[in-house]
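**Student:** Each chain, written out:
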Amino acid sequence: MGKVTGISAGSSDLFTASLVPFYSSPLHSGPVFRVTDPHVKLSKTSDPFRVILTVAENSTAPSFDLTVSGHSADKISNVFAIPILR
Amino acid sequence: MPDHGHEEHGERAEVHQLWRIAEGIEKIEKHLACICKALQPPPATDFQLIQGEKMGAITGVQVGSSDFFTALLVPANAAPLQSGPVFSVTDSLVTLTPDSTNTFKVTAAVDASDTNLSFDLKVDGVNSLGAAISHTFTIPILQAPPPAAVDFDLSQGA
Chain Z
1 MGKVTGISAG SSDLFTASLV PFYSSPLHSG PVFRVTDPHV KLSKTSDPFR
51 VILTVAENST APSFDLTVSG HSADKISNVF AIPILR
Chain F
1 MPDHGHEEHG ERAEVHQLWR IAEGIEKIEK HLACICKALQ PPPATDFQLI
51 QGEKMGAITG VQVGSSDFFT ALLVPANAAP LQSGPVFSVT DSLVTLTPDS
101 TNTFKVTAAV DASDTNLSFD LKVDGVNSLG AAISHTFTIP ILQAPPPAAV
151 DFDLSQGA
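Chains as they are written, first to last, in my numbering: chain Z, 1 to 86; chain F, 1 to 158.
It should be emphasised that the hints constitute simulated quantities derived from the structure, not laboratory data.
Heads up, the beta-carbon is just placed ideally off N, CA and C, and yes, glycines get one too.
Not everything, but these chain Z residues come out facing chain F in the computed CB check (under 7 Å):
{"#": "1", "residue": "Asp13"}
{"#": "2", "residue": "Leu14"}
{"#": "3", "residue": "Thr16"}
{"#": "4", "residue": "Leu19"}
{"#": "5", "residue": "Val20"}
{"#": "6", "residue": "Ser72"}
{"#": "7", "residue": "Ala73"}
{"#": "8", "residue": "Ile76"}
{"#": "9", "residue": "Asn78"}
{"#": "10", "residue": "Phe80"}
Which residues of chain F face chain Z? A partial, calculated answer using Cβ under 7 Å:
{"#": "11", "residue": "Phe152"}
{"#": "12", "residue": "Asp153"}
{"#": "13", "residue": "Ala158"}
In the SDA-like style, the derived pairs of lysine to any residue whose C-alpha atoms are separated by at most 20 Å in a straight line are:
{"#": "14", "chain 1": "F", "residue 1": "Lys122", "chain 2": "F", "residue 2": "Ser83"}
{"#": "15", "chain 1": "Z", "residue 1": "Lys41", "chain 2": "F", "residue 2": "Gly157"}
{"#": "16", "chain 1": "Z", "residue 1": "Lys75", "chain 2": "F", "residue 2": "Ala148"}
{"#": "17", "chain 1": "Z", "residue 1": "Lys75", "chain 2": "F", "residue 2": "Pro146"}
{"#": "18", "chain 1": "Z", "residue 1": "Lys44", "chain 2": "F", "residue 2": "Gly157"}
{"#": "19", "chain 1": "Z", "residue 1": "Lys41", "chain 2": "F", "residue 2": "Leu154"}
{"#": "20", "chain 1": "Z", "residue 1": "Lys75", "chain 2": "F", "residue 2": "Asp153"}
{"#": "21", "chain 1": "Z", "residue 1": "Lys75", "chain 2": "F", "residue 2": "Asp151"}
{"#": "22", "chain 1": "Z", "residue 1": "Lys41", "chain 2": "F", "residue 2": "Ser155"}
{"#": "23", "chain 1": "Z", "residue 1": "Lys44", "chain 2": "F", "residue 2": "Gln156"}
{"#": "24", "chain 1": "Z", "residue 1": "Lys75", "chain 2": "F", "residue 2": "Val150"}
Hey, can you work out the whole structure from these sequences and the hints?
**Tutor:** Quick look at the structure:
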């Protein structure tokens, strides 16, 4: 696991969300992953904090947004811009 | 001529009756003493300790916070103490504050820097017979719960 570098069009990779701070108490609900780019497919894994993202070969956007949300003491959410590499 | 025999016999009978009455009174006195003894509350033999507003079992005090404890006499119907109870702790990071109205109640505050897993709360007193009674209770020091998450981080790759 490392920094977010991006996904090449036509390929997929695994992404892992983690809580900030890392020693936080467990979430009441979530995390929920969401992408709005129709050229990006999001697949769940057995680990609720991990998803596999697949970028279609015909994607032309330079990046897409991955939103991660959940409910801790309050609702928390973060949007990560994932570069699409060519 | 007076009948002295009859007179003497009557006096003896009266004395005998008086003796029987005296014996009866003595028996009643003994019974009353037993009843009085049975009605007297027993001396306290030990202390019990309960925690908090709901007066429940000891669950512990979270580090950096406080809670109050109430000592109870064992048995519950024990006679009042001659002196006490006196509360004490050996952990210098635990502060005891006696209750202003209830001498059986004390508040224990655990300093935020206390790293011990528990502290001993000792309760001492002198019961109605003049005997010293004492009990040391181990109170867990509970660690602060982890904070709530405030954000997400994201990493890539297996």
